[in-house]
Amino acid sequence: MEAFNNLILILDATLRVATPLIFASLAGLFSERSGVVNIALEGKILASAFAGAAGAYVTNSPWMGLLFGVLVSVAFAMLHGFATVTHRGDQVVSGMAINILAAGLTAALGNFWFHQGGNTPNLVDPFNNIDARFTPITFPFAEQLADVPVIGGIYSELLSGHFLLVYVALAAVPLSWWVLFRTRFGLRLRAVGENPSAVDTAGISVVGMRYFALVICGVLAGLAGVYLSVAVTAQFLPNMSAGKGYMALAALIFGKWHPRGAFLACLMFGILQAIADRSQGASIGGLTIPVQLIEAVPYILTVILLGGFIGKAVAPKAVGRPYVKERE
Amino acid sequence: MHEVLAMIGIELQRSPLNMSIVWALMCGVGVYFFIWRTRWGYEMRAVGQNSNAAQYAGIPLGKVIVMTMLVSGMLGGFFALNVVQGEAHQIKLSLVNGMGFTGIAVALMGRNHPFGIVLASLLFGFLYQGGGELQFEYGVDPRIIVVLQGLVILFSGALENMMKHPIESLYLKLTEKSRHADVAEAN
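Order-wise, the sequence lines are chains A and B.
In terms of my numbering, the first sequence has 147 at position 106, counting the first letter as 1, and numbering is strictly consecutive.
In terms of my numbering, the second sequence has 294 at position 127, counting the first letter as 1, and numbering is strictly consecutive.
Everything labelled a hint here was simulated from the structure, so no lab data went into it.
Virtual Cβ for every residue (Gly too), placed ideally from N, Cα, C.
Pair by pair, the computed Cβ-Cβ distance ranges are:
(1) A:238 to B:335: 22 to 28 Å
(2) B:219 to A:48: 49 to 55 Å
(3) B:330 to A:336: 41 to 47 Å
(4) A:48 to B:258: 37 to 43 Å
(5) B:263 to A:205: 36 to 42 Å
Just chain A, same shape as in the assembly (with noise of 0.2 Å):
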C-alpha cells in the first residue's frame, strides 16, 4: 500500500510537471512540422507566463491572464514569422534573438511596473483582495471516494485536482494528432515542411500555411507559459521558464515529430523530475545521497537518453530551410 502510494503521488507530480512541457512540445511539433524550426519556445514561454501573470494580477482573474499570455505569444511568434518566412532569415538565430529578448523584456518591464526585482506580485493576495489563480479542478465525488483502497487513490489523487490546464493539455495531444494527421490542414502543413514547392504548386500558400503554424504554436506556448505562472507558482519569477522550451525541444526530437512520442518523451521527463523530487534526502545502505545529485539525475539522464537510444529520428525534410518561391 505504501508503495502504491508513492506510485500514486509520483504520478500525479508528473502530470504537474509534464504539463508545460506537453504545451511546449506541441507548439514546436506545429511549427516544425510546417517547416519552421523553433528555438523560440523557451521565450516565448516566458515572454506569456510574464504576461499572464501581470495580465492577471491587474484585471483580477485568471482568464484574462490567459488571454493576455496568449496574445504576447502570438506576437512573439508573428515576430518569428515575419523574420524568418517573410524576410527568409537564420531560424536558429531569430529564436535566439527572442529568447534573449523575452528574457530582456520580462524583467525590465516587471521591474518597472511592479518595483519588485522582476517578480510580478502574488497573485493570491487576501489583503489587497485580489485572487487571480487558477485553482484545481475537484471531480464530483473524489473526497468521498478518497478513502476507498485502490480506487480512491487513482480517481482522488491522480485524477482528480489538478489545473484546467493540466486536462486541457491531455487533451491536446490526441487533437494535434486528429488536425496533423486527419485532416486537409493537417496534410498541407506537413506537405509545407517536406516540399514547399510541391505544395505552392498546387496552388497553396506556402507562406499563409507557416504563419497559420506559427499562429497555433503561439497559442500553444502561450498555454504553457500561463500554467507556469497563473497557474502553479501564482506569481512570475524571472526566467521561471529555466529551460522548458529546451526541454520541450528535445521531448519532440526524442519523439520523432510524432505527438504520440513527444507526448511520451514529455512523461518520461516529467517522472524523472517527479522522481527525483520525492526522493530528496534518501539513502542507499546509511549513505544518504546529495540533494545537488539528485536534481541533476533528470539532466543527466536525459543527456544519455537522447545521446543513447534515441534511434534515428528524421526531421521533416524543410525544417530550417526558408521558402524562396523562384531563384531568380
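Please arrange chain B on chain A, whose structure you already have, making use of the hints.
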C-alpha cells in the same frame, strides 16, 4: 593592466582591465591564421559550406567536426581567464552571466570574422559599461542591455534581408540613373 603599463611609464586609473585582453586579441589573430591560412582551417570551411562536397573531396568529416569542437571549447574556456583569474579571483555562481549568448550576438554582428568580432565586442563592452553607469547615475534598469542585445541579434542576424533588398535596389536605381544621365550627356 594598470600595473603593467605603469612599468613602461604609462599611468592609468586603477581598473579591472587585465592581461587577458592581450591574450584575447592574440587569440583573434590566431583564429584568423587558423581558419584562413592553414590546411585545417581550409578543411573546416569546406565542411561548413558543403559537407557532402567536402566528404567527396576526401576530407574526414568526423575528424574535422571533433577538432573544430575542441578548438571552440578551448576558446570558450578562455572566457574564464578574464572573470576568474583577472577580475574576481574566485569562482562566483553567476560568473557566466549570459555571456555565452552575448557571444553569439557578437559573432553575428562581427559577420564571423575575427576583426569584426573584436569591433563588435568593443561595442557590447561599451553597452555593458554604459548600462552600469546609467543605473548608477539615473537609475535606469541595467537589464535593458539584454533587450538591446536581443534587438541587435534580431536586426543584424534574423532580419538582415529586410534592409538588404531595399538598399540594394535603391543603390541599383541610383547608379542606373547616373548612367542614364551620362548617356544623355554623351549624346
